[in-house]
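*Asks:* The lines below spell out each chain.
Number of protein chains: 2
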Amino acid sequence: MRTLEWDSSKQQLQMIDQRALPSKFELIYLDTYPAVTQSIKNMTVRGAPAIGVAAAFGMVLAAIHSTANDVEAMRRDLTVAAEELGASRPTAVNLPWALKRMLRTASGSFESVQDLRDELLAEAQRMADEDVALNCQIAAFGAELIDDGDTIIHHCNTGALATVDWGTALGVIRLAHEQGKNIHVLVDETRPRLQGARLTAWELSQYKVPYDIISDNAAGHFLRTGQVNKVFFGGDRVARNGDVANKIGSYMLALAANTNHVPVYSVIPTSTIDLELKNGDEIPIEERDQDEVLNLQFRGKPATPANASARNPAFDVTPHELFTALVTEEGVVYPPFENNLQKIMQDK
Amino acid sequence: MRTLEWDSSKQQLQMIDQRALPSKFELIYLDTYPAVTQSIKNMTVRGAPAIGVAAAFGMVLAAIHSTANDVEAMRRDLTVAAEELGASRPTAVNLPWALKRMLRTASGSFESVQDLRDELLAEAQRMADEDVALNCQIAAFGAELIDDGDTIIHHCNTGALATVDWGTALGVIRLAHEQGKNIHVLVDETRPRLQGARLTAWELSQYKVPYDIISDNAAGHFLRTGQVNKVFFGGDRVARNGDVANKIGSYMLALAANTNHVPVYSVIPTSTIDLELKNGDEIPIEERDQDEVLNLQFRGKPATPANASARNPAFDVTPHELFTALVTEEGVVYPPFENNLQKIMQDK
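Line order of the protein sequences matches chains A and B. Read in order, the letters of the first sequence are residues 7 to 354 in this note's numbering. Read in order, the letters of the second sequence are residues 7 to 354 in this note's numbering.
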């Protein structure tokens, strides 16, 4: 089963509800584009590649429910929908990338509104299928970087749940395991939403990859004492120079790894690369609701004082010089990143 | 009220139960030394200075309940108690430091077992009073390092609760605030036991110091984007060369601060300095029960898969080169730390 799937008979987008895992495996069904916008905002679906494809299906729903009688009017409805969907989360570039691609599809010539609808659905389906194929290609390149006996720190969730299927960084780890390499994963719990403790641990359990969950702040200890061979995480937006915005905590992890001569890899489809941005300082960083940090329990009681406040940036930027390489479906990209990223993007 | 206080009439050690905060302010009363050992192990009392003084009162309780009829026999009972108390937690050196001091007191000449008991109680009381006085002295030196307008990241809890009263790093921050400096604290929540989110936030609320709680992994974002002026934390054991073992996460925080040219201070009484250890690699690092990491809730449900496992090192080592200075009751110690630490310890 995919993280998100189109149900043709019901004309609905089916999703795994990632907020319910690991205690419950629940599916939800969305039949309007505002429902898709909401599911991205509240992180029912998360992970840069997954939210890109979810938004594409959101555009399909916008077209289905548009009351426009001609193609031009429907295009106007689609532009409105794209704006709403695009404003749901600011950091990952896969979201505007997917919406641009859907709008470009809509800009073709169509005999009828139904033809436009059909083509948008076909395009969204292609994007979903491509995502799975890309991830398999990424995994093949990335698994080459993993050696038998490696202990790997992984941050956030980049598995099947973060994509349509298979995953990016976690897909690399999964393939290395399936190749028979004896590996062990230290799973950063990834506060505040615990995507590591909840989702990555759940996926690794399914794949039977040996792992231990650690507090995010413990990674430095394992790195400094020589217990880690590699660090892998995903990426939500990569600037032209190779700076990577990814889940909060990626920067401190990459810095501690680099300082201790442990290789650091960001694993990304090329749809995550934003050549329009000079460097990571230009990437918008989402700050989410403070309750995500404050809603903590300790021994069954609230862990923070009643009047407490919090700051909650959801992403940070890891400067390119901390990466050993970026792993894409076009191959493993080494420094100098600015040249080499432009090269693979030109070849596409 | 002090974090721990001797009740002479009941011959009990009274403590604030730090596991119940911030939702409940509860006192507990210990009347045997194994109960004190247990309270240190299960972190009813925590913080290097506080557990040192708690252990000293544990020795008083051992003397009170010893059935020895002569001083020599009581000394043997005290040696057994010191071993048990000393084994409760391995990393902080204040614990063996306090026990050694109590055993040295016991090695004097006494007319009767009651004289020995009285002198041990007097010595433990002196250690408690000295701790408060030292912390005030530390705060006076440390507050000089804080400027009006500073934003400060603080890790774990180093306040009144971590000591007999007043605190170390948090005592510095509190004094700077009381001096009228306009400061803001970013409180690392400090997974897994949340001493920051629970205890430091609670103390700062009492002192009316403005603060926001952050996930530990978010510190790097605030440091890299120039939003932080200083980093302060405590210390559980300082090696001869200035390497500091402190609560897990201190290393990654110090590294991110140092990389971004933000000064880093470890605030410690000199009882935390262990000149016998060449460097931080010789400091024993406690690994605590994995349930401290795994017992997480997300939206009211277990956040980790049922079969998950975890690693839980409770401390890490920050190499001396990442510190701007160490703040002690003898003054602010700058590099070269090896020379300057030995100098202040000789002067004592």
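In short, the hints are calculated from the structure, not lab data. Treat the hints with caution; some may be incorrect.
A pair counts as met if it fits within one copy or between any two copies, since identical chains are not told apart.
Below, a list of computed lysine to aspartate or glutamate pairs in the EDC-like style, where the Cα atoms sit at most 20 Å apart [unchecked claim]: (1) K106 to E282; (2) K307 to D297; (3) K187 to D135; (4) K106 to E125; (5) K106 to E327; (6) K47 to D124; (7) K30 to D154; (8) K47 to E32; (9) K187 to E150; (10) K307 to D23; (11) K106 to D287; (12) K284 to D218; (13) K187 to D121; (14) K307 to D353; (15) K284 to D121; (16) K307 to D124; (17) K307 to E90; (18) K354 to E136; (19) K307 to E32; (20) K284 to D156.
*Asks:* Evaluate each hint against the coordinates.
*Replies:* How the hints compare with the structure:
{"no.": "1", "hint": "K106 to E282", "in the structure": "within (14 Å within a copy, 64 Å between copies)"}
{"no.": "2", "hint": "K307 to D297", "in the structure": "both (15 Å within a copy, 17 Å between copies)"}
{"no.": "3", "hint": "K187 to D135", "in the structure": "neither (28 Å within a copy, 58 Å between copies)"}
{"no.": "4", "hint": "K106 to E125", "in the structure": "within (15 Å within a copy, 80 Å between copies)"}
{"no.": "5", "hint": "K106 to E327", "in the structure": "neither (30 Å within a copy, 49 Å between copies)"}
{"no.": "6", "hint": "K47 to D124", "in the structure": "neither (27 Å within a copy, 65 Å between copies)"}
{"no.": "7", "hint": "K30 to D154", "in the structure": "neither (34 Å within a copy, 50 Å between copies)"}
{"no.": "8", "hint": "K47 to E32", "in the structure": "within (18 Å within a copy, 40 Å between copies)"}
{"no.": "9", "hint": "K187 to E150", "in the structure": "within (11 Å within a copy, 55 Å between copies)"}
{"no.": "10", "hint": "K307 to D23", "in the structure": "between (26 Å within a copy, 14 Å between copies)"}
{"no.": "11", "hint": "K106 to D287", "in the structure": "neither (23 Å within a copy, 53 Å between copies)"}
{"no.": "12", "hint": "K284 to D218", "in the structure": "neither (37 Å within a copy, 32 Å between copies)"}
{"no.": "13", "hint": "K187 to D121", "in the structure": "neither (49 Å within a copy, 67 Å between copies)"}
{"no.": "14", "hint": "K307 to D353", "in the structure": "neither (56 Å within a copy, 47 Å between copies)"}
{"no.": "15", "hint": "K284 to D121", "in the structure": "neither (39 Å within a copy, 76 Å between copies)"}
{"no.": "16", "hint": "K307 to D124", "in the structure": "neither (52 Å within a copy, 41 Å between copies)"}
{"no.": "17", "hint": "K307 to E90", "in the structure": "neither (38 Å within a copy, 32 Å between copies)"}
{"no.": "18", "hint": "K354 to E136", "in the structure": "within (14 Å within a copy, 70 Å between copies)"}
{"no.": "19", "hint": "K307 to E32", "in the structure": "between (27 Å within a copy, 14 Å between copies)"}
{"no.": "20", "hint": "K284 to D156", "in the structure": "neither (34 Å within a copy, 31 Å between copies)"}
The structure fails to meet hints 3, 5, 6, 7, 11, 12, 13, 14, 15, 16, 17 and 20 from the earlier list, while all remaining hints are met.
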